[in-house]
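The chain contents come next:
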Amino acid sequence: MIINHPLLGPRDASEFTYLGDAALIDRPDPDTATAARDFYEYQYLRDNPAGTLRELWYHEAGDRAWLVVTRNTLTHEITHVELARDVARKAGRST
Amino acid sequence: MSQINRIDGGQIDRTQTLKFNFNAKTYTGHPGDTLASALLANGVRLMGRSFKYHRPRGPLTAGSEEPNALVELRGGARAEPNTRATTIELYNGLWARSQNHLGPLGLDVMAVNDLFSDFLSAGFYYKTFMWPAAFWEKLYEPVIRRAAGLGALSGKADPDTYDKGYLHCDLLVIGAGPSGLMAARTAARAGAQVILTDEDFRMGGRLNSETLEIGEQTGADWAADTVAELAAQPNVRLMPRTTSIGAFDHGIYGAVERVSDHLHRPEDGKPRQILWRIYTRQTILCAGATERPIAFRNNDRPGIMLGSAVRSYVNRFGAAPARQIAVFTNSDDGHKTAQDLHAKGIRVAGVIDIRKDAPRSDAYDVFAGSKVTDSKGRLGLRRIEVERADGTRHWIDCGALAVSGGWNPNVHLTCHQRGRPQWNESLAAFVPGGVLPPGLSVAGAANGVMSTAGALRSGAAAACTALSLKAMPDLPEAEDAPLSITPFWHVAGKGRAWLDQQNDVTVKDVKLSHQEGYRSVEHLKRYTTLGMATDQGKTSNVGGLAILAELAGKSIPDVGTTIFRPPYTPTAIGVFAGRSRGKAFKPTRKTPSHIWAEEQGAVFVEAGNWLRAQWFPRAGETHWRQSVDREVQATRGSVGVCDVTTLGKIDVQGSDAAAFLNKVYCNGFAKLPVGRTRYGLMLREDGIAMDDGTAARLAEDHFVVTTTTANAVSVYRHMEFVRQCLFPDMDVQLISTTESWAQFAVAGPNARKVLQKIVDPSCDISNDAFPFMACAEITLCGGLRGRLFRISFSGELAYEIAVPTRYGDALIRRIMEVGAPYDITPYGTEALGVMRIEKGHAAGNELNGTTTALNLGLGRMVSQTKDSIGTVLSRREGLNAPDALRQVGLRPLDPKDKVPAGAHLMAATGPVDAAHDQGYVTSACYSPTLGHHIALAFLKNGAERLGETLRLVSPLTGVETHVEVVSPHFFDPQGDRLRA
Amino acid sequence: MRYSGFRVIKEALTGHKGWQPAWRDPEPQPHYDIVVVGGGGHGLATAYYLARKFSQHRVAVIEKGWIGGGNVGRNTTIIRSNYLLDGNEPFYEFSLKLWEGLEQDFNFNAMISQRGILNLIHSDAQRDAFIRRGNAMLLNGADAELLSTAQIKARYPFLNVDDARFPIKGGLAQHRGGTVRHDAVAWGYARGADSRGVDIIQNCEVTGFRINDGKCLGVETTRGFIGAGKVGCAVAGSSGRLMALAGMRLPIESHVLQAFVSEGLKPILPGVVTFGAGHFYVSQSDKGGLVFGGDIDGYNSYSQRGNLPVVEDVCEGGMAIFPMIGRARLLRMWGGIMDMSMDGSPIIDRTHIDGLYFNGGWCYGGFKATPASGYCFAHLLTHDTPHPVAGAYRFDRFEKGLMIDEKGVGAQPNLH
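The listed protein sequences correspond, in order, to chains Z, D and G.
Position 85 of the first sequence, counting from 1, maps to 90 under the numbering used here, and the rest follow consecutively.
Position 695 of the second sequence, counting from 1, maps to 703 under the numbering used here, and the rest follow consecutively.
Position 28 of the third sequence, counting from 1, maps to 32 under the numbering used here, and the rest follow consecutively.
With the rest of the complex left out, here is chain Z (with noise of 0.2 Å):
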């Protein structure tokens, strides 16, 4: 597989390595009523679609960026990949 990375353009899936879905971002607060659960559901239920799916892919052999890859797990075609950095910041973890 070949990932377009933003930064570096396309580059060979085996430079990089895979940890899953993109929803690992978002770290629940650990200070609620139902932090157990959320964490539980947070760590071990994740998304898992016959189709599109958006999940993290790391540079471990380039420049060690985590990023945020849209790709089909019928057909792996990619249609999206973004930093990861970017995707945390839009979902609000800067505070």
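Note that these hints are calculated values from the structure, not bench results.
All residues carry an ideal CB built from backbone N, CA and C; glycine is no exception.
Incorrect hints may have been included.
Unchecked claim - Calculated pairs, DSS-like style, for lysine-lysine (alpha carbon to alpha carbon, straight line, at most 27 Å):
(1) G:270 <-> D:60
(2) D:344 <-> D:364
(3) D:874 <-> Z:95
(4) D:164 <-> G:173
(5) D:164 <-> G:157
(6) D:594 <-> G:411
Said to hold, decoys possible - Label-pair distances were calculated between CB atoms; the ranges are:
(7) D:473 <-> G:211: 37 to 47 Å
(8) D:757 <-> G:154: 40 to 50 Å
(9) G:109 <-> D:629: 52 to 62 Å
(10) Z:14 <-> D:271: 39 to 49 Å
Please arrange chains D and G on chain Z, whose structure you already have, making use of the hints.
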């Protein structure tokens, strides 16, 4: 030996004669021959035996789809089993022998199986050999296994080398027949970067085997001219002898170039084969089509071949399969064969055409509306029985029969991404269909375009489309007749009619499979083994489907098709491995003191990809324990030095560095003063301990984090995840400096004295100025910048000193020099391990990915006043059970006993079984300090059980002994020595 | 119809006219006591044991394609019970014992071949871990033996010991481990279940669950609604997709695992060997092919195919320990979809929906588990309580912190 069936013409070089050896006989051939063509030229049709019935086998084809003529090529360590004689390029001195027979090829004792074929029907083995149960392993299976396989591996290491490489292009053209050559030429003339691969050693595809014309030239000459034009273009890479094996994601194709298989031995420094990973924007598949046979009784004898193969042998190789050849056909293809044979002066014994309106000939007999119903000839075809349109039968003498049952487009690569081919009624064949791999188009016969002119046109058009070219090139004239075929799959009747000639699957087997309910095409394949042989059913699958469809009363497309999988043809495992084998299997990482350690005679040990000194034997030491005990005692007695460079080092900088570490470590770092170091424990988000190490605060905004050797990479990855994904706006930067700094532990009561001779006088490292857990950026050896940490894994007064890696070798030599008055002793990983067990420090055996801070006795480190990774889930009930495992020390009741790692712990009395398991030993050693064996263990509720006697059992190694539960801190539990 | 050597001979002499279909091709009934979704190994085994051991006779197996077309038809055929943890080892040993009597039990020769499995050891720490594992196996009543390098070399003379990048320091052997003709397992269970009245319905895809007031009443299929007292799902690989129809999210990801077979070769490898310092394991089938594999590709996928980097990685591992295989040819590579669970261990449990039961999360170890999985799922479906050896395979173990993590890599499915 004379080549008795050698005829005129062909693309072989008669100016040179090659000698070769098959089954201990010497023959001759010419450059341009394959082993099969050369053997046929020498009158040899019998080349092998089938898998199950050991029936005599000769070539069915002239290409890579060959199911029958498989031989062992070369010999000794270079032996290549199951090699298709039809693709082996003849070279001088070639040696080959036939396979899968007991006794000579002509008198195979195992052919007795053929007599019992009624008992060996499809799937018979699923129904018997079950009683008595013990007989399966002792009797039945050994017999079956002995019959397994065709060829044999040598058992010796492959002596050849293999390479891998990457190629990039605008357009990859797979197959250099008429469509491929035209596609490549069109793209090349347009200036595109083109790669053209072909599995054959001579490009041209069917053009080399047919007598057709392109423009004013023969097809073969046109192909040669086109290849020459392409070869002269700098933007074209021609890759003959290269099989495109698979279409992988995102335009990546695997291709194997057989660099040296046509040579006696690879040339010096040259690999046998190369695996190319071709990255391409566009690909045109021009893989042609494969002819298929018609099944009839005893249709498997040597001499019965595909019509296209007969034409290849006669036209391309100048080798006649026999002097008298009959033809069996359901299309005009058979008549082409007959005309070619006739033109070569070979007697056409008759053309048997199932079509009533078969074309006539003045030159030979044509039996219209007829079929072949049987054959004779024990080791090779002698005659065929023909049933004429009026039902009468007669025998015709012939040494070969050319069978033409239609063509199957080679759609394989179009299906590698799970596309399904579609049935084309007019061709009675599957053509590419459904969703093709992105960027792939198909041209020529592979796309069902069966005429030469059509192939040229579709190749050019595909190139124009792929490259967005506006104008089609001018095309040369060529025959443009559509294929006229009457689907016909098998001649009904008694006896066995073969579909899969290698695996001996007959029409009867397909019928039985259907009768027994194995009706899905996948069930058929798996039950009968149809299409599972080395040819993957290239000539047999569609015939099997047709018969299944007939039985089920369905159409062929309704029955479906099995899935085509890579590789296109069987591929040497060695080429996928490339150079990664032996010592080069993985890279070897060496520490900065490696050369010095080698000079000291160190014994090395693998730590991941690192090589570390395990111990440093001295003269007179005959057992590793002597060395290790000495190293421990010398360190605890005076001073020792150890290379600890392999520990992961991560520089953490930025105004939020402390806040960041507060997130990744479960214990607090915000209040750590500058100039101090703290032990830190990292949890995974699931609350399990991930890694431990130290973080040294060199400045308000600068920490140096260490990780274990094993987790250096994964911890760094994790920290980057936390930084980029969870806290994207913390002001913190990370960089791995593991390889930038050489780091040595100097440990022992005299460590300070040694280091005072290393660090520059301006650096005060007295106990007051530089106490336990201090850290600083220093200079040493007269101005060299370095770092000094007063941390201790050994439990001694100890420091770790770091310098830029390039000074590591010099530093270890200097340390040894200035340490000489104190008998400074280098120690390896074993002594390191002994000292850490004596101190009760956890390492990889304890941090095994299932243990919590609580298990490790570090439960109180998990801060409950701040949020850090893993805190919330570490509170789960299952991780905090009252009887949770706790790390303890173990001491043998009998001091002579060992306390081996991996042993399990049981109550002192009572049953010994899994239900009574109390825990297990993680790390063990002999403690030279204490004079007996010691161990660390995880024990249920262990912290409350100090002083208890337990039984330690290791049934695997035959150990049972009694141990006392003690504190894991065996030595200097108060830590006085490290603060000295 | 009973299979036997006698029967084979009789049929051979009478033109094989008497063989009956191995299973019927029934139309679905409107209602069954138990509907098993998934005609793979586990589903068919479940149906077989429901009928054979738990006196359930109104049972159907529903399969969207052809039976045996899931991972039971595309695995590397290894059976073993060399597990470490309490939650696993008794279950896998129970499974191995079921394998040992299976062929006589279901009257089908699945060529269960206990030629042994050997895990190579390459470091002292690995030896410690394998000793702990071997002891756990013995304490659970399984067999295990620690072999020296010399003993291994005697059995595998072509093993690369001298030029090894990672030294071979011995191995942990389980002699009762081995291989099975995988397709025959599906067929044997299907035939055994069918003959006991189970309806095996192929080409029937579940399109939904009919759930009313928190109770599952049956399944909607491409062949209409089929009512059921209980519905058991055993569709590993597609678990995420199927259970989503019941609104469930699972602690499971779908990943592709590739497997490989060489051309047929004369027997050279006696048993199963796994490489402890690379990703490679291999055995040789009764037909002669070297059957081998390694790591999963590592990214979520529902596509039954992989990519070249893993092919190369696997073959590199093979060449590292058996450099003779360089000249053997890889005949076919394929991919199967694995239910990779969050701790590497399976789930056999009730769901929060009454009457709906789940069996999945087998990672890439499902084949060897087939008999015990079927048996324990049948037990659960019949009694509503877990079989004792499968008691740890609960849904709630993640929330409670009771993970069964053999590899110790945590909630990272692609590392299990």
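Comparing the hints with the structure gives:
For the hint linking residue 270 (chain G) to residue 60 (chain D), the alpha-carbon distance of about 13 Å falls within 27 Å, and the restraint holds. In summary, the hint linking residue 344 (chain D) to residue 364 (chain D) is supported, as the alpha carbons are separated by about 17 Å, within the 27 Å threshold. The hinted pair formed by residue 874 (chain D) and residue 95 (chain Z) meets the criterion: a straight-line CA distance of about 25 Å does not exceed 27 Å. With a C-alpha separation of about 21 Å, the suggested pair residue 164 (chain D) and residue 173 (chain G) falls inside the 27 Å cut-off, and the hint holds.
About 14 Å separates the Cα atoms of residue 164 (chain D) and residue 157 (chain G), which keeps this hinted pair within 27 Å; it holds. Taken as a hint, the residue 594 (chain D) and residue 411 (chain G) pair is honoured in the structure, with Cα atoms around 22 Å apart against an allowance of 27 Å. Residue 473 (chain D) and residue 211 (chain G) have their C-beta atoms about 39 Å apart, which keeps the hinted 37 to 47 Å range intact. Taking 40 to 50 Å as the suggested C-beta distance range, the pair residue 757 (chain D) and residue 154 (chain G) conforms, at roughly 44 Å.
Checked against the hint of 52 to 62 Å, the C-beta distance between residue 109 (chain G) and residue 629 (chain D) comes to roughly 59 Å, which is consistent with it. A hinted range of 39 to 49 Å holds for the C-beta pair residue 14 (chain Z) and residue 271 (chain D), which are about 40 Å apart.
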